[in-house]
Every structure is written in C-alpha cells, then in structure tokens.
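**Q** Residue-level listing of the chains:
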Amino acid sequence: DAGVTQSPTHLIKTRGQQVTLRCSPKSGHDTVSWYQQALGQGPQFIFQYYEEEERQRGNFPDRFSGHQFPNYSSELNVNALLLGDSALYLCASSVLDMATNEKLFFGSGTQLSVL
Amino acid sequence: GQSLEQPSEVTAVEGAIVQINCTYQTSGFYGLSWYQQHDGGAPTFLSYNALDGLEETGRFSSFLSRSDSYGYLLLQELQMKDSASYFCAALNTGGFKTIFGAGTRLFVKA
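If you read the protein sequences in the order shown, they are chains A and B.
Counted from 1, the first sequence has number 10 at position 10 by the numbering used here; the numbering is strictly sequential.
Counted from 1, the second sequence has number 1095 at position 95 by the numbering used here; the numbering is strictly sequential.
Among the hints, a few may not be true.
[Stated by the list, open to error] Facing chain B, according to a computed beta carbon distance under 10 Å, are these residues of chain A, among others: (1) ALA2; (2) VAL4; (3) ARG55; (4) ARG57; (5) GLY58; (6) PHE60; (7) PHE64; (8) SER94; (9) GLU102; (10) LEU104; (11) PHE105.
[Stated by the list, open to error] Result set (DSBU-like, lysine-lysine): computed pairs, CA atoms no more than 30 Å apart in a straight line: (12) LYS13/A to LYS26/A; (13) LYS26/A to LYS103/A; (14) LYS1081/B to LYS103/A; (15) LYS1081/B to LYS1109/B; (16) LYS1109/B to LYS26/A.
Calculated from the structure, these hints are not laboratory results.
Built from N, CA and C at the ideal position, the CB exists for glycine as well.
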C-alpha cells in the first residue's frame, strides 16, 4: 500500500515564475491538505481539498491555488514566486471523518528554492 | 484564530524521561495531536487526545486538559533515535483543518 507520494522532490525556480507541485494521497483517503514548512518552523496550513473543492484556507495569498482531481490526487500552484516562498511543501492526506481525521499522513515533501 | 505554544528546545539524556508541553488558544478546538519529524523527513503521527486524560502508546504518552487548554507529550526510556522535532497540532471542528505549533527540538545525549 503506497503512502502519500509527492513530486518533484526538489525544485529550483526564479522569482516571478510559476510552479506546480503534485500529490497522490494514501489509498482510501479522500482529503488532501497542503502545508508550507520553513526551515526550523512548524508546518503552516495552506488549504484543504475534499470532493474537488477547497474547503478550508489558511493565511496565504491568492498566488497559492490548488486543485483536486476525481482520483483524489491534488496539485498546488504558486504564481509570481517570491524569495520568501522558498520552503518545504508538504502534502497530507486523511479521511474526512472526525473519528479518524486527526491522523494526517504526510508525504516526504517538495523542497522549493526560489532564486 | 488558533495558536499553539511549545518550548523551542529540550535536552535530555538517554534512558531518561522528558515532557514536552503545549498550550493552545483556539476556537472550535476538537483535539490535540502530536507529530515527530526527523531532519529531512516528513512529520509522522504519534498520538492524539480528544478527551481529557492520558493516552499511552508504547514509550510515548500524551495528555490533554481542555479546561487548561494544555497538553503534553511524555517520552520514556529515551533513545538516541528520539532526537527529532516534535509538534503539537490542534484539530479544528470548523473544517477539520489541523494547525501546528512551531515545534520542540529534542536533543538526546548519551
């Protein structure tokens, strides 16, 4: 049973460019959340997708957008990249059930460097 | 909004017991989770408390007091491999999102 997979593992971009990160959730999971983690900090919630819709959003600008596909996989898009967007981007999958949703399964992340 | 506070660093010796505290301020609080993250790795789930009291999972235990907006993670029989960052995280009823603290870096010394 594959866990959460993310691609690519590393990415280098320049300011102003756009980037797309991809995530496949753990088998049986229907909810995908995206997090940004700066070095030495905790994961910051970007948004959550369920049934192909954004259900919750953190304090991130509209430059950050996403999508969820019918197979539950998800993409995170970031436009007009800034130096401050350099971070580890984590995808976490779960089941939308309060009885079990407390347990997030994380992928290994995409390390984005903006030069 | 939500915020969680935890110590930035804790140091302990191998074989000892260490407690990592977490206080939270949040609306719509549902439960408190704990995650471990080794350098270069992904966060992994350790424990979860929805009700007041102690939950035990092997060498790790977690405690929650809703009235005090406080929880802790207790690690017993510390091993060198326990050196990692530990995050408390609050699950919110308003949409099932999980908000993380800044993390506590645990150093285990021989």
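**Q** Now, for every hint given, state plainly whether the structure supports it.
**A** We went through each hint and held it up to the structure:
no. : hint                   : verdict
1   : ALA2                   : violated (14 Å)
2   : VAL4                   : holds (8 Å)
3   : ARG55                  : holds (6 Å)
4   : ARG57                  : holds (9 Å)
5   : GLY58                  : holds (8 Å)
6   : PHE60                  : violated (13 Å)
7   : PHE64                  : violated (15 Å)
8   : SER94                  : holds (8 Å)
9   : GLU102                 : holds (4 Å)
10  : LEU104                 : holds (6 Å)
11  : PHE105                 : holds (7 Å)
12  : LYS13/A to LYS26/A     : holds (28 Å)
13  : LYS26/A to LYS103/A    : holds (12 Å)
14  : LYS1081/B to LYS103/A  : holds (22 Å)
15  : LYS1081/B to LYS1109/B : holds (10 Å)
16  : LYS1109/B to LYS26/A   : violated (35 Å)
The structure does not agree with the numbered hints 1, 6, 7 and 16 stated previously, though it agrees with the rest.
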